[in-house]
Amino acid sequence: MAADMNKTVKVGIISCSGEEMAEGTISRSAVRRVLEVLRPHDAVTLCLPLFLAGNEGERNFARTHPTITVDGCDKLCARLGTEKHGGPVARSLVVSEIVGDGIAGCSRSLRTHTAADEQAIALVADRIAVEIDSLLEAGDA
Amino acid sequence: MADRPDKVCLALLVSGDEAAVARVRSHQCVTIDGCGKACAQKNVEIAGGNVAGAVQVARTLTKHRGVQPGDGSELTEEGWQMAREIAEAVVDEAAAAGGEQVA
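Residue numbers (the numbering used here), protein chains in the order written: chain A, 989 to 1129; chain B, 17 to 119.
Hints listed in this document are in silico derivations from the structure and should not be mistaken for laboratory results.
Any given hint could be a false lead.
Pairs of lysine to aspartate or glutamate residues, derived as DMTMM-like cross-links and limited to a Cα-Cα distance of at most 20 Å, are as follows [as the list claims (entries may be wrong)]:
hint : chain 1 : residue 1 : chain 2 : residue 2
1    : B       : K58       : A       : D1062
2    : B       : K23       : A       : D1062
3    : A       : K1072     : B       : E101
4    : B       : K23       : A       : E1044
5    : B       : K23       : B       : E61
6    : B       : K53       : A       : E1044
7    : B       : K79       : B       : E101
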C-alpha cells in the first residue's frame, strides 16, 4: 500500500451499481450490511457513479485510503473505474465468484427478497468484513 | 411502445462500455436519480442518449415530510409506498416518451 495513505482507520468500499442484475443488488446490500452491522466504524462507501463522473471528493478519498471494490460481474466496473481514477485497489471482490451457482436463485429486486438472496448477501458481507480486518491488521488502513 | 422496458447499469455506461452507450443512444431513456447530483441523467446526456424523462427520488421525499421511508438497507412500508409512487412516475414518463425505453 502506498506510504502516503491516510492513517485514519477507514477503508473505502466501492460497490457495483449493477441495476441490470441480481449481483448488483447483492453487492449493494452486502456493503450496506457491512457499514451498518458488521464493521460500522471501520469503513465508508463511495458512490460509484459519482466517483466515475468525476467527483473530486470521492476520488481523493480513494487516492488516500485503501479501497475494496465489490463488483457484481466480470466487467469489473468498480475495480477498473477505481484504478483509473483513484489508483490501485487494496482488494477486489466479485460477487459472481463468491456466490457461485447460488446466484441462480437470487433476485434483482429487494421486494422479492428470498432466502437465496439473504444467503448470498451474508456470504459477500462476511467476505468484505474479512478483507477489512485483514487490511486493518496489516496496518494498511 | 415496446412491450418491456429494459435497464442499463449506470456504472457500465459511465465506464464507456460500447454496448451500454449504444443502447442509450438508440432508445428513449427515463433516468431515476437518488439525489440532486443527478448522476444518471447527466451521464446519459454525456453519453449522447436522449433523456425523455428524469425522475428524482429526493423530490418525492420532499412531498412526504415526516414520513420514515427506512434506510439504505431496508425500506419501511411507507418507503415501499413511496417506491411504488416513484415507479408510477417512471411509467408515466415512459408512456409520455413513447417508443422503447431504458432506465
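Each hint, compared with the structure:
1. Only pairs whose Cα atoms come within 20 Å are accepted, and B:K58 paired with A:D1062 is rejected, the gap being roughly 26 Å.
2. Between the alpha carbons of B:K23 and A:D1062 the distance comes to roughly 18 Å, so the proposed pair stays at or under 20 Å and holds.
3. About 38 Å separates the Cα atoms of A:K1072 and B:E101, which puts this hinted pair outside 20 Å; it is violated.
4. A hinted pair counts as satisfied when its Cα atoms are at most 20 Å apart, and B:K23 with A:E1044 does not qualify at roughly 28 Å.
5. A distance of roughly 16 Å separates the Cα atoms of B:K23 and B:E61; the hinted pair therefore holds under the 20 Å criterion.
6. Between B:K53 and A:E1044 the alpha-carbon distance is near 13 Å, which keeps this suggested pair within the 20 Å criterion.
7. The straight-line distance between the Cα atoms of B:K79 and B:E101 is roughly 11 Å, inside the 20 Å bound, and the hint therefore holds.
The structure is inconsistent with the numbered hints 1, 3 and 4, although it conforms to all the rest.
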